[in-house]
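There are 2 protein chains.
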Amino acid sequence: MKKHNFNAGPSIIPEYAKELTAQGVLNLNNSGLSVMEISHRSKEFSAIMEETASLIRELLSVPESHAVIFVHGGASLNFCMIPYNLLQTRAAYLDTGSWSSKAIKEAKLFGEVEVVASSKDKNYNYIPKNYTIPRDADYFHITTNNTIFGTEIKEDINSPVPLIADASSDIMSRPMDISKYGMVYGGAQKNIGPAGVAFVIVKKDILGKVDRPIPTILNYQTHIDNASLFNTPSCLSVFGCLNTLKWLKNLGGVEKIHKMNIDKAKILYDEIDRNKLFQATVPNEADRSIMNVTFVMTEEYKEKEADFLAYATSQGMVGIKGHRSVGGFRASIYNALPIESIKALIQAMKEFEANL
Amino acid sequence: MKKHNFNAGPSIIPEYAKELTAQGVLNLNNSGLSVMEISHRSKEFSAIMEETASLIRELLSVPESHAVIFVHGGASLNFCMIPYNLLQTRAAYLDTGSWSSKAIKEAKLFGEVEVVASSKDKNYNYIPKNYTIPRDADYFHITTNNTIFGTEIKEDINSPVPLIADASSDIMSRPMDISKYGMVYGGAQKNIGPAGVAFVIVKKDILGKVDRPIPTILNYQTHIDNASLFNTPSCLSVFGCLNTLKWLKNLGGVEKIHKMNIDKAKILYDEIDRNKLFQATVPNEADRSIMNVTFVMTEEYKEKEADFLAYATSQGMVGIKGHRSVGGFRASIYNALPIESIKALIQAMKEFEANL
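Protein chains in written order, with our numbering: chain A, 3 to 358; chain B, 3 to 358.
These are calculated hints, taken from the structure and not from any lab test. Treat the hints with caution; some may be incorrect.
A pair counts as met if it fits within one copy or between any two copies, since identical chains are not told apart.
[Stated by the list, open to error] Derived BS3-like pairs (lysine-lysine); straight-line CA-CA distance at most 27 Å: (1) 306 with 45; (2) 45 with 5; (3) 304 with 205; (4) 182 with 5; (5) 104 with 45; (6) 345 with 258; (7) 345 with 306; (8) 104 with 211; (9) 45 with 323; (10) 206 with 304; (11) 5 with 104; (12) 122 with 323; (13) 4 with 45; (14) 110 with 211.
Given these sequences and hints, build the entire structure.
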């Protein structure tokens with residue numbers, strides 16, 4: 003049976019990218035060698051790294067002021083690299099969920115942290131508004147999309163200090179005005195490609211301003227200076243990213259996928275709002291993520307959640323169980339998820355309602 | 003033409019592992035999903051992670067006192083993680099090459115470093131002997147195999163303080179008495195599998211003794227407590243490691259491959275010693291690496307190096323150009339390199355000599 007992959011991450015990869023990646027694992031460009039067994043400094047692999055960075059630059063219209071690099075360790079390693087590189091005295095953070103909280107925890111090891119606002123009071127089911135970003139902060143950190151709680155900051159907000167955004171789970175889902183950010187970063191394993199690499203788009207002039215010594219590999223400047231080849235990267239992951247980004251470019255790029263993502267999210271939220279069994283966990287439509295759609299069963303039907311999960315699974319849905327901190331269901335509908343999979347989920351919801 | 007892959011790293015991967023990896027990229031265990039697009043916390047991926055760690059444990063007879071974990075960033079990230087986790091006051095390092103030097107550089111950010119001996123005086127062409135390991139050092143760090151300079155510490159040395167070994171390029175090439183080490187670590191991309199993951203075998207009771215706060219992801223204990231799933235690992239790399247380690251186990255394990263490696267190294271060094279055109283860069287046989295065979299042309303034939311490189315390349319040799327700090331040639335003859343490839347290189351050397 004056809005599987006509909008709603009995994010939150012690592013998550014669905016386009017067939018095109020899977021096939022190119024498998025081909026490169028066996029025999030890269032008819033070289034007789036696997037992409038796994040060539041030097042990261044070979045011209046073949048340097049070209050892969052360079053093209054991957056160039057595609058990110060092209061797809062997001064990254065200005066010359068910003069470098070595009072790949073580092074190790076996913077977003078989580080960046081949680082400590084960011085304050086290591088940027089926190090001189092005091093940093094400001096917006097707390098919109100588990101990942102924000104983790105970023106805040108690491109920053110506190112390096113200096114003073116001001117949490118300007120938090121939506122923790124309502125289990126992170128909204129995006130805080132009307133907060134003030136302190137003008138003396140070294141930077142202001144946000145999580146643009148909250149994978150677990152299904153909220154998203156969809157605008158490029160204005161910040162008087164460098165704006166640092168963990169965009170792990172909505173990068174490439176919509177156009178961004180990169181010039182408004184000091185740094186946009188995240189793990190690759192949603193819309194960029196497979197896990198194993200973190201992308202970093204950083205405004206070059208915000209670096210080099212802290213006094214503390216920084217271990218070489220944790221210093222963003224190292225990776226800029228070495229074109230992301232300071233040490234051996236996760237070559238296979240980078241190659242998978244290249245193939246995924248090629249797919250996105252062939253499809254028409256970020257503006258095109260954004261329209262598709264809006265359509266995909268709309269029909270699913272519409273069904274959740276219509277179907278008497280379900281309700282969205284994020285009440286404010288403007289705050290609802292177009293990447294992770296979180297929903298539960300209404301009080302009246304709450305005890306049917308396990309049954310619906312079993313039914314949806316029987317219909318080919320994969321990965322729709324909600325995160326334990328929210329419960330219910332989560333449909334992660336990243337770039338590569340076809341609208342047919344969302345229609346299949348909607349049909350399962352309708353059938354379950356009709357057969358109740 | 004058949005390629006003979008002498009790359010220093012990332013380096014040759016067994017065909018068996020390439021095929022299993024490509025299959026998993028397309029469709030893991032007939033699940034209909036790629037290994038790239040399932041949650042790292044799914045039972046399918048947890049099983050991959052667990053089996054990979056178990057195979058390392060089994061192949062190296064790792065005692066219960068030691069944990070086997072995977073971390074991000076290759077050996078280079080460990081260069082700063084080691085002092086972060088272990089350097090309270092003073093650490094001792096043996097300087098046997100570029101990688102040792104890099105490890106020393108990072109340790110100096112965290113405390114006092116005593117370099118107990120160095121072979122830098124002779125361009126690292128030997129392993130220092132007769133040094134004293136200070137009994138008050140927090141640990142003693144060595145690089146067991148020096149990929150660039152072709153030297154290797156082949157014995158499990160006795161140390162009065164925790165012995166920390168970067169074994170990136172000779173792990174799994176020979177049996178090791180892990181009980182004699184506080185930690186053995188390295189990048190995977192030689193004998194463990196593809197790049198993108200670092201293995202760490204650490205004696206649990208050496209951790210938790212430093213006063214400094216450690217960023218969560220840089221704390222080895224985090225990865226022990228979370229079975230290497232604290233955050234998303236480089237899933238595809240781990241899967242490639244599993245397939246490579248399965249190949250090694252099927253072949254007969256580390257004792258078997260050790261015999262094969264000794265045979266492989268012996269015939270190549272014998273030819274270098276016999277052939278009037280060539281000489282090994284490491285004069286002392288006991289110090290010669292069985293993984294990276296470094297050699298140059300003798301003074302008399304020095305100007306023929308480019309010609310030999312061209313000839314060997316025409317015969318299918320890949321990656322035999324020596325590192326710029328040594329010059330000449332380097333044949334990296336890791337576990338997966340078949341003896342046929344070494345015989346092909348030897349034949350090219352003989353033919354070049356005969357045709358001169």
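Hints, verified against the model:
1. In the homo-oligomer, the alpha carbons of residue 306 and residue 45 lie at most 27 Å apart only across protomers (24 Å), although the nearest pairing inside one protomer, at 57 Å, exceeds that limit.
2. Taking the shortest Cα distances, residue 45 and residue 5 sit within 27 Å of each other only across copies (17 Å), while inside one copy they are farther apart (38 Å).
3. Taking identical chains as interchangeable, the C-alpha atoms of residue 304 and residue 205 are never at most 27 Å apart, the minima being 48 Å within one chain and 48 Å between chains.
4. Within a single copy, residue 182 and residue 5 get their C-alpha atoms no closer than 39 Å, and across copies no closer than 49 Å, so neither meets the 27 Å cut-off.
5. In the homo-oligomer, the alpha carbons of residue 104 and residue 45 lie at most 27 Å apart only across protomers (25 Å), although the nearest pairing inside one protomer, at 38 Å, exceeds that limit.
6. Taking the shortest Cα distances, residue 345 and residue 258 sit within 27 Å of each other inside one copy (20 Å), while across copies they are farther apart (55 Å).
7. Proximity of residue 345 to residue 306 under the C-alpha cut-off of 27 Å is restricted to the intra-copy arrangement: shortest distance 21 Å within a copy versus 67 Å between copies.
8. Taking the shortest alpha-carbon separations for residue 104 and residue 211, both the intra-copy value of 24 Å and the inter-copy value of 24 Å come in at or below 27 Å.
9. In this homomeric assembly, residue 45 and residue 323 come within 27 Å of each other (Cα to Cα) only across copies, at 14 Å, whereas the closest approach inside a single copy is 44 Å.
10. Proximity of residue 206 and residue 304 under a CA criterion of 27 Å is satisfied in neither setting, with 51 Å inside one chain copy and 45 Å between copies.
11. Taking CA atoms no more than 27 Å apart as the test, residue 5 paired with residue 104 passes in neither setting, with 33 Å inside one copy and 47 Å between copies.
12. Within a single copy, residue 122 and residue 323 get their C-alpha atoms as close as 22 Å, which meets the 27 Å cut-off; across copies the closest is 58 Å, which misses it.
13. In this assembly of identical chains, residue 4 and residue 45 lie within 27 Å of each other by CA distance solely across copies; the values are 20 Å between and 39 Å within a copy.
14. When the C-alpha separation of residue 110 and residue 211 is checked against a cutoff of 27 Å, the pair qualifies both within a copy, at 18 Å, and between copies, at 21 Å.
The structure shown violates the earlier hints numbered 3, 4, 10 and 11.
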